[in-house]
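In terms of full-length UniProt numbering, the sequence shown opens at residue 1 and continues consecutively.
I should point out that these hints are in silico values taken from the structure, not numbers from a laboratory. Wrong hints could be hidden among the right ones.
Derived Cβ-Cβ restraints for the label pairs, each shown as a range [stated by the list, open to error]:
{"#": "1", "residue 1": "504", "residue 2": "298", "range": "18 to 28 angstroms"}
{"#": "2", "residue 1": "560", "residue 2": "297", "range": "44 to 54 angstroms"}
{"#": "3", "residue 1": "327", "residue 2": "487", "range": "41 to 51 angstroms"}
Built from N, CA and C at the ideal position, the CB exists for glycine as well.
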Amino acid sequence: MGWSGTRRGAGHGRHITHLRTAMDCVLSVWRRIHLDTCATASPCAKSPTDSHVNAEVNIAGRAASDAVWNRRLWLIVSASTVVRLMVAAATGLGVDESYAVTVARPLSWSYFDHPPLHFWMAGGMTWLTGDTRALAVRLPFVLAFSVTLWAIGRLGQHAFGARAGALGALSLVCTGVLGLTTGTWVLPDGPLVMCASLAALMLAPLLFNTANPTRDPATTNSWLRWGVVGVLLGGALLSKYHAVLYGAGILLFLLTTESGRRQLRTSGPWLAAAIALLCTVPVLWWNAEHGWVSFTFQGARAATTAAWSIAPFVENVVGQALWLLPWMAVPFAVALGRAIASGRTDVRQWFFACLALVPVCVFTVITLGGARGLPHWQAPGWLFAAPLVGRMLDRAITRDVRWPRWWLPMAAGTWLTLVLILGSHVATGWLSPHIAVLSAPADPTLDAFDWRALRDSLSVRGIDIRDGVTTRSWIQAGKLGVALGATTPIMCACDDAHHLLFRYPATVFPRLVVEHVQPWKRGWQPASVALTGQLGPLDSLGTITLARSGQPAVSLAVYRLALPETQAQAASGSRSFRR
């Protein structure tokens with residue numbers, strides 16, 4: 001049983017129209033930025049008299065130019081927000097997003113996988129809207145990244161000038177992992193980078209001081225600024241454990257610079273640290289109550305092995321470049337490398353280098369110990385390379401270097417093209433007939449396919465879901481939780497239940513079993529075989545096929561426990577989490 005192809009096709013056609021409208025909006029913004037960039041570039045050769053006149057004109061027009069680039073920054077933020085809202089509406093929730101939305105209900109002080117903030121955000125939107133639709137739960141994450149873009153732009157402006165700030169924000173937009181996934185999806189990285197960028201923005205006036213800091217107005221209420229920094233770092237710690245590395249980066253800067261050591265002699269940094277640690281009480285309390293499972297889980301993911309190897313290191317570095325997008329990774333790496341090479345001679349560059357260096361280096365170096373990790377773990381560090389890229393672009397344009405003239409439109413245009421192609425394919429599957437690896441049912445983009453039609457299909461068959469549903473993996477549990485709604489209990493008969501174990505710590509599984517049929521996966525067995533030893537015999541209720549744009553996409557097998565009541569205990573792997 002599937003969706004009506006005509007109805008779904010019309011709906012996805014509207015999504016494509018929205019995406020194209022967003023692209024036109026962004027291209028219009030880009031043309032304005034590009035024309036202004038070219039107009040403000042210095043000529044190749046001028047006479048001494050002309051140079052003197054131009055210098056006077058530049059000084060007189062600096063305030064006007066800054067105002068123009070401030071407006072450009074707002075245009076960049078606005079255009080990016082429009083595109084990401086369109087993507088959020090046109091595509092379904094991915095695997096991690098669906099899981100987060102599912103386990104967010106009911107709210108918990110913390111969670112198995114991560115600290116609680118992004119779960120609270122997703123659960124809060126579900127409670128406010130009464131729905132689990134992608135746009136509703138993604139909305140706070142889209143807006144959070146818009147704040148991040150603004151903060152990064154303002155940081156660049158404070159450190160290097162208005163044009164550098166706007167171009168740094170634009171370069172951040174054009175990355176893959178930050179500009180799209182972090183900026184749209186229900187992930188802990190969204191609130192993490194928002195809190196971190198705002199904390200850096202609050203810190204900058206305190207650390208980029210004149211020789212006599214008592215004359216700097218920003219230091220008048222420095223303790224108040226440090227207090228706000230503490231709250232923001234606390235928010236980052238409530239988002240993702242990565243935030244500890246941001247704190248280490250700030251400490252590195254404070255210890256290695258004169259202005260930083262001056263601040264360490266005040267109460268400000270210590271106040272911020274105390275407030276940030278106080279914010280982690282919910283995380284620490286929940287973990288203490290549950291055997292520190294979250295720290296154990298995350299620590300094991302980054303653990304090294306005895307076999308040192310260069311292969312995981314190379315794979316990770318290449319993966320970082322792919323996640324950033326290769327044509328963005330090169331200038332990001334060059335800008336960060338130059339800042340590190342300059343060291344403390346340029347305190348502004350060093351500030352961003354310290355914030356970026358610790359996350360990037362830690363998660364890259366551990367791969368030398370055999371831990372493959374994931375290449376997007378370094379992305380929160382690359383965030384603070386964006387102002388450095390903005391500075392590099394600004395200086396190149398001032399010197400009338402040609403490469404920004406072609407690189408900027410290429411980067412923006414390629415990003416927009418990729419967003420349109422991938423977003424439209426996720427929504428409609430139009431590439432499947434043309435690219436073998438994108439053919440259903442093994443198309444990896446089906447991870448973002450919405451299973452919402454399952455609820456109606458079960459209802460038509462007279463299958464009651466009020467007592468809950470059992471499935472065989474945390475991934476499928478997440479997709480089912482979003483599809484069947486906030487009031488349907490979802491339990492996982494698996495060894496790796498993640499937070500589902502703590503959400504419904506029952507000893508009896510629901511009698512209704514639903515599984516994603518995946519015969520193309522190595523070692524796959526149907527639930528009637530794989531789960532019989534744990535749940536008992538299963539009676540098949542048939543298979544429901546969900547369609548994308550009228551074409552079969554996902555097949556879901558439905559079973560009911562044959563016994564009247566099964567006292568099935570939690571899986572042995574799940575019990576291990578209690579130890």
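Now the hints, each set against the structure:
no., hint, in the structure
1, 504 - 298: 18 to 28 angstroms, "holds (23 angstroms)"
2, 560 - 297: 44 to 54 angstroms, "violated (33 angstroms)"
3, 327 - 487: 41 to 51 angstroms, "holds (47 angstroms)"
Hint compliance for this structure: hint 2 alone is broken.
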